[in-house]
Structure formats: structure tokens, C-alpha cells
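Number of protein chains: 2
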Amino acid sequence: MTLINNIFVTGAAGFVGSNLVDRLLQKSLTVTGYDNFSTGFEKNLEQAGKDPNFTMIRGDTLDLPNLTEAMNGCNFVFHMAANADVRFGTQHPGKDLEQNTIATFNVLEAMRANELTNIAFPSTGSVYGEPAVFPTPENVSFPIQTSLYGASKLAGEGLIEAYCEGYGFQAWIFRFVSIMGERYSHGHVLDFYKKLMADPGHLHVLGNGKQRKSYLYVQDCIDAMFVAIEKAQDKVNIFNLGTDEYICVDDSIRWITDYLKLNPRIIYSGSDRGWIGDNPFIFLDCMSLRALGWEPKVTIRDAVINTLQYLEHNK
Amino acid sequence: MTLINNIFVTGAAGFVGSNLVDRLLQKSLTVTGYDNFSTGFEKNLEQAGKDPNFTMIRGDTLDLPNLTEAMNGCNFVFHMAANADVRFGTQHPGKDLEQNTIATFNVLEAMRANELTNIAFPSTGSVYGEPAVFPTPENVSFPIQTSLYGASKLAGEGLIEAYCEGYGFQAWIFRFVSIMGERYSHGHVLDFYKKLMADPGHLHVLGNGKQRKSYLYVQDCIDAMFVAIEKAQDKVNIFNLGTDEYICVDDSIRWITDYLKLNPRIIYSGSDRGWIGDNPFIFLDCMSLRALGWEPKVTIRDAVINTLQYLEHNK
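Top line first, the protein sequences correspond to chains A and W. So for the first sequence, this note's numbering puts the first residue at 1; every next one is plus one. So for the second sequence, this note's numbering puts the first residue at 1; every next one is plus one.
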């Protein structure tokens with residue numbers, strides 16, 4: 001990343017985005033953050049805000065003129081802003097389209113207007129739908145989408161790839177498993193934690209507890225993106241991003257209740273899926289990124305515990 | 001298609017759409033056409049307009065309230081409206097997003113409002129980008145997009161698939177090669193025909209003439225869609241749609257100049273691609289649809305000749 005000096009981060013106040021901002025600033029890079037604070041928090045940027053190399057601009061990725069102006073002078077974009085919650089897609093089908101697909105188009109257009117050509121984009125393992133191969137490699141069979149979130153991120157990938165071909169962009173696309181750690185703001189650990197704080201005697205679980213999922217600690221995720229951007233130099237670079245392990249929901253429940261020293265009655269909603277579009281098994285083959293020298297340092301169990309510690313200190 | 005009686009066709013005044021309308025009316029089905037006439041023509045619907053089973057509504061797929069009202073009472077949607085021209089994508093990058101991705105979202109939302117759940121959707125072989133396998137099957141490796149058109153159609157596929165999972169829709173997605181025949185309105189045969197009418201002594205060709213492409217005659221295309229909708233009953237049914245042959249651009253030039261009895265000097269622009277995002281080799285594996293009993297009746301050569309005859313009679 002030696003040639004990069006002024007980095008634009010959309011979703012800078014969000015969970016992964018704000019951790020990324022801190023890590024970029026630690027490298028003494030100049031960073032411009034952009035966020036509409038719809039799901040991001042001011043407090044996530046407390047540390048960054050003290051750094052003279054950091055500029056924060058309040059704005060929406062759907063506001064193309066503002067976005068274009070904000071990006072002026074930057075030379076690399078991390079487009080972290082997104083509707084990141086897969087679960088509620090069918091309750092508001094336009095949200096993923098707007099916040100993930102159309103917003104990504106706007107980011108690309110703002111880049112083009114500013115003659116920027118380098119973009120990193122967090123996509124999702126959800127783009128694989130329900131694959132037949134585990135662990136699932138990047139080049140698995142052409143997938144069928146099962147969620148509006150996955151569909152919207154796949155659309156974002158496609159747009160970025162077309163800009164690489166059509167306008168000479170270079171892109172790093174990362175298909176994330178669920179990310180955990182400090183500033184975690186949605187997902188099952190938060191859901192379970194909140195439920196147990198409200199009622200320590202019972203825990204209602206969506207699904208049958210057997211769904212197998214993979215997770216990654218946020219700092220490992222950021223390490224991985226840095227390694228890929230430094231070492232992978234194709235026009236379009238696509239990497240799965242996860243650990244070499246998966247857990248089932250019941251494992252996570254046990255770790256959470258043990259940590260909190262609780263013994264609730266577990267009530268399962270029953271099906272092998274927690275909600276419409278829930279994927280009963282997510283396990284990505286991350287050998288492409290491992291081959292570049294990256295490896296995760298934190299186990300899924302420790303990522304869950306780190307997340308719980310953060311939630312306990314940030315009620 | 002026995003349960004289908006009132007069919008909604010977007011892009012009804014377009015090339016494939018209007019041929020489809022005629023074929024549906026021949027089956028004594030009730031048809032509602034919808035078109036904004038941006039690229040469609042009134043004259044394509046002359047025959048349909050005489051049929052009491054046909055209703056035509058002028059409207060834009062981007063106008064959701066109008067679209068939703070127009071669809072009322074229908075029970076099957078052929079969403080044929082699209083920006084179908086892959087070549088000029090980089091000149092107006094928002095056009096494919098709006099007319100293919102967002103318009104498809106609107107069609108799905110209008111269907112949901114009307115409690116319609118069955119949709120046929122023409123996608124494109126362009127979603128395969130530049131595949132490594134020929135002929136290219138539907139389940140080839142996860143592709144990388146090379147055109148804004150392909151990206152916008154892939155996004156449409158993903159949205160439709162997510163609606164199948166999330167809202168109980170059933171879909172037939174067809175990945176077309178280039179279609180030819182009566183009412184053909186864009187593509188290389190029209191380009192070459194117009195150039196030769198203007199200057200019979202010279203023909204400027206984009207690329208080196210060696211690009212290998214596959215084509216399908218429009219009536220064979222419509223036959224294929226009917227067979228698939230009747231016989232394939234998965235939640236999401238995806239079929240390649242082409243012939244078992246491919247030609248190179250030089251073949252087509254020879255057929256066209258022979259037919260027109262011209263002997264122009266051919267001037268090639270030189271590269272193996274005609275334009276940015278042009279795919280030098282398109283050849284789809286159509287065995288999935290062949291297995292259902294469909295086969296194309298018209299060769300690529302005859303499709304080119306049929307198209308030329310149409311152009312000669314409809315200057």
C-alpha cells in the first residue's frame with residue numbers, strides 16, 4: 001500500500017469501517033471518512049477524531065454530488081457502507097437494492113468523476129446462496145441467490161467488475177463470513193446477549209441450533225484486506241475471507257451462557273433455517289488469501305468472547 | 001401453460017417482446033402489453049392490435065404505480081423490457097442499472113403488490129463474462145462480469161432468485177445468445193446492412209472478424225421459452241438459450257455480402273474485441289433445454305438471411 005496516501009472510507013462510523021479507519025491511521029495514512037450515521041456511531045470514531053490525518057464528512061452514499069465532492073483528492077476507496085443485515089431483507093426489499101447496489105454504483109461514479117480507479121469492496125459469502133461444495137471456493141459453480149442481501153452484494157460485485165473492464169479500475173472484492181469483535185453492532189451474539197440481559201432464564205433461538213456458520217474476528221479481517229491489496233495485482237481480485245473452522249449455533253450459545261454464567265432454558269423455533277434466506281451452512285475456502293501469507297490469529301470462540309467483552313463494556 | 005390465461009408482457013413493442021405477444025395471441029391467450037416505446041415500435045404491434053384478446057398500455061417500467069396498476073388481473077409476467085444493447089454501456093453507465101436492474105426490481109414489486117408469483121426473464125450469455133469452458137453450461141464457475149449490460153442482467157437474475165426464496169415466486173430465467181429475425185432492431189446485421197446501404201464499396205468492421213458468436217432465431221427462442229415454462233417446475237429454472245453452433249464475424253459478413261450481391265472492401269478495426277466488454281467467444285451449452293424436447297429449427301445462417309429479408313422489406 002506504499003502508493004496509497006489518501007484513503008476514502010465509506011461507512012467509516014460503522015463496525016468494520018471504523019476499525020479499518022483506526023488501522024489506516026495507525027499506518028500514518030491520511031483518511032477521509034464518509035458516513036450518514038444511519039447505523040454508524042460517533043463514538044466509534046472517538047479515537048480517529050483525535051488524529052490530524054483524519055477528516056470526517058457526514059453524507060449519504062445515495063447523494064452523488066456530495067459523495068463526489070467528498071472524494072476529491074483521495075486515491076483509494078474502501079466502500080464499507082452497506083445495509084449489512086441479511087435477516088430483514090424481505091421486510092423492506094428496496095433497502096438492499098438502494099443501500100448496496102445503487103450506493104455502490106454511486107461510489108463508482110464518484111470515483112470516475114474524480115479519476116480514482118482503486119476500490120476495495122466487502123461482499124459476502126451469502127452470494128454463494130446454498131452451495132453444494134464445502135468449504136466453498138471463490139470459483140464454485142454459478143450460484144443462485146437466496147437473499148436480497150446476497151443479491152444486492154452480487155450486483156455490487158458485478159458493477160465493480162464491469163468498471164474494471166470498462167474504465168480501467170482495479171478492485172479487491174472480499175466475500176466475508178460474519179465478522180465479530182469490538183464495535184459489533186448486529187448479529188446473533190448481540191441478539192442473544194440482549195435477550196439474556198432482559199430474561200436470563202430463557203433464550204429463544206431462531207432455527208434449531210444446528211445451523212453451521214463461520215465467523216472472523218474484525219482485526220483478522222482487516223489484516224486480510226491489507227495483505228490482499230498489497231500482494232494481489234490482478235484487474236479483479238476476489239477473495240473469500242473467513243477462518244478454517246465453522247461452529248454450530250449451539251456452540252456459540254454454550255460459550256455465551258458460560259461466559260455470562262447463565263443457564264437459561266433454550267427454546268428453538270425449530271427449522272434448520274433461522275429466517276427466510278438463512279443459510280444453514282456457511283464455510284468458505286480461504287486458501288487463496290492464505291496463499292498470500294495471511295492467516296487468522298483469533299479462533300471463532302475467542303472472537304465470540306471478545307465480542308461479549310465489548311458488549312459488556314458498551315451497554 | 002394451461003393454467004396461464006392473462007399474460008403481462010413488458011417490452012411488448014420490442015423485437016422479441018412483440019414476436020412473443022403474437023405467439024401468445026395465437027394460443028388464444030389474453031395478453032396485456034406494456035411498453036414506453038423508447039426503443040419499441042407501434043408497427044411491431046399492428047397484428048396484435050387487431051386481436052380482441054390484446055390490451056396495450058403505454059408506460060415505463062420505472063413508473064412503479066403505473067406498472068402496478070397495469071399488471072392488475074394478470075397471472076404471468078414475461079419481463080422482456082430492457083436496454084438490450086451491450087455495446088454502448090460505458091457511454092452511459094446508469095442506463096443498464098436503471099433499465100435492467102431497477103426496472104426488474106419494479107416488475108417484481110408490482111407483481112408482489114398484485115400477488116403474482118410467476119415470471120419469465122430474458123437474461124444473457126454475457127453474464128458469463130469470458131468463461132474458460134465452451135460450450136458454456138449454466139453451472140460453470142462463478143463468473144466475473146465484463147460489461148455493464150451483463151452486470152445489470154446478473155443483478156436482475158439475483159433479484160428474481162431472491163424473490164423466489166423470499167416471497168414464493170417461481171421463475172424461468174433464460175440466458176440468451178443474440179437473437180435474430182423479424183423486427184430485429186440492433187446488432188451487427190443491422191449495423192452492416194446500414195453501412196453497406198450507405199457505402200456498398202466498403203465495410204468497416206469492429207474487431208478483426210474472428211470473434212466467434214452464437215445466435216438464435218427469434219421463433220426458436222420463443223418456442224424454447226414455452227417448452228421450459230411448461231416442463232420445468234423448479235422454484236428457479238435457469239436455461240441457456242442458443243444453437244449448437246457458432247460462427248465467426250467473417251462468416252456473417254460473407255453471408256450478408258453474398259445475399260446483397262456486394263463485394264465491399266473489408267476494413268477491420270483490428271483487435272480481437274469489437275468494443276470494450278465485447279466477448280471474443282460466445283457459445284452456450286443448451287443441453288438442459290434440449291433435454292426437455294426443444295430444438296432450434298433454424299440455422300444461424302438462415303437466421304441471418306431471415307433478418308436481412310426483414311430489413312430489406314422494412315427500411
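Honestly, the hints are just simulated from the structure, not real lab data. Do not rely on the hints blindly, as some may be mistaken.
To be verified - Straight-line alpha carbon distances no greater than 30 Å define the calculated DSS-like cross-link-like pairs of lysine-lysine that follow:
no.	chain 1	residue 1	chain 2	residue 2
1	A	Lys297	A	Lys194
2	W	Lys95	A	Lys235
3	A	Lys95	W	Lys261
4	A	Lys27	A	Lys194
5	A	Lys210	A	Lys27
6	W	Lys50	W	Lys95
7	A	Lys235	W	Lys261
8	W	Lys43	W	Lys195
9	W	Lys210	W	Lys195
10	A	Lys210	W	Lys43
11	A	Lys194	A	Lys261
12	W	Lys195	W	Lys27
13	W	Lys95	A	Lys95
14	W	Lys27	W	Lys261
15	W	Lys27	W	Lys95
To see whether the hints hold, each was checked on the structure:
no. : hint                  : result
1   : Lys297(A) x Lys194(A) : holds, 28 Å
2   : Lys95(W) x Lys235(A)  : holds, 24 Å
3   : Lys95(A) x Lys261(W)  : violated, 57 Å
4   : Lys27(A) x Lys194(A)  : violated, 35 Å
5   : Lys210(A) x Lys27(A)  : violated, 41 Å
6   : Lys50(W) x Lys95(W)   : violated, 33 Å
7   : Lys235(A) x Lys261(W) : violated, 45 Å
8   : Lys43(W) x Lys195(W)  : holds, 24 Å
9   : Lys210(W) x Lys195(W) : holds, 19 Å
10  : Lys210(A) x Lys43(W)  : violated, 59 Å
11  : Lys194(A) x Lys261(A) : holds, 15 Å
12  : Lys195(W) x Lys27(W)  : violated, 39 Å
13  : Lys95(W) x Lys95(A)   : holds, 20 Å
14  : Lys27(W) x Lys261(W)  : violated, 39 Å
15  : Lys27(W) x Lys95(W)   : violated, 34 Å
Hint violations for this structure: numbers 3, 4, 5, 6, 7, 10, 12, 14 and 15, all remaining hints satisfied.
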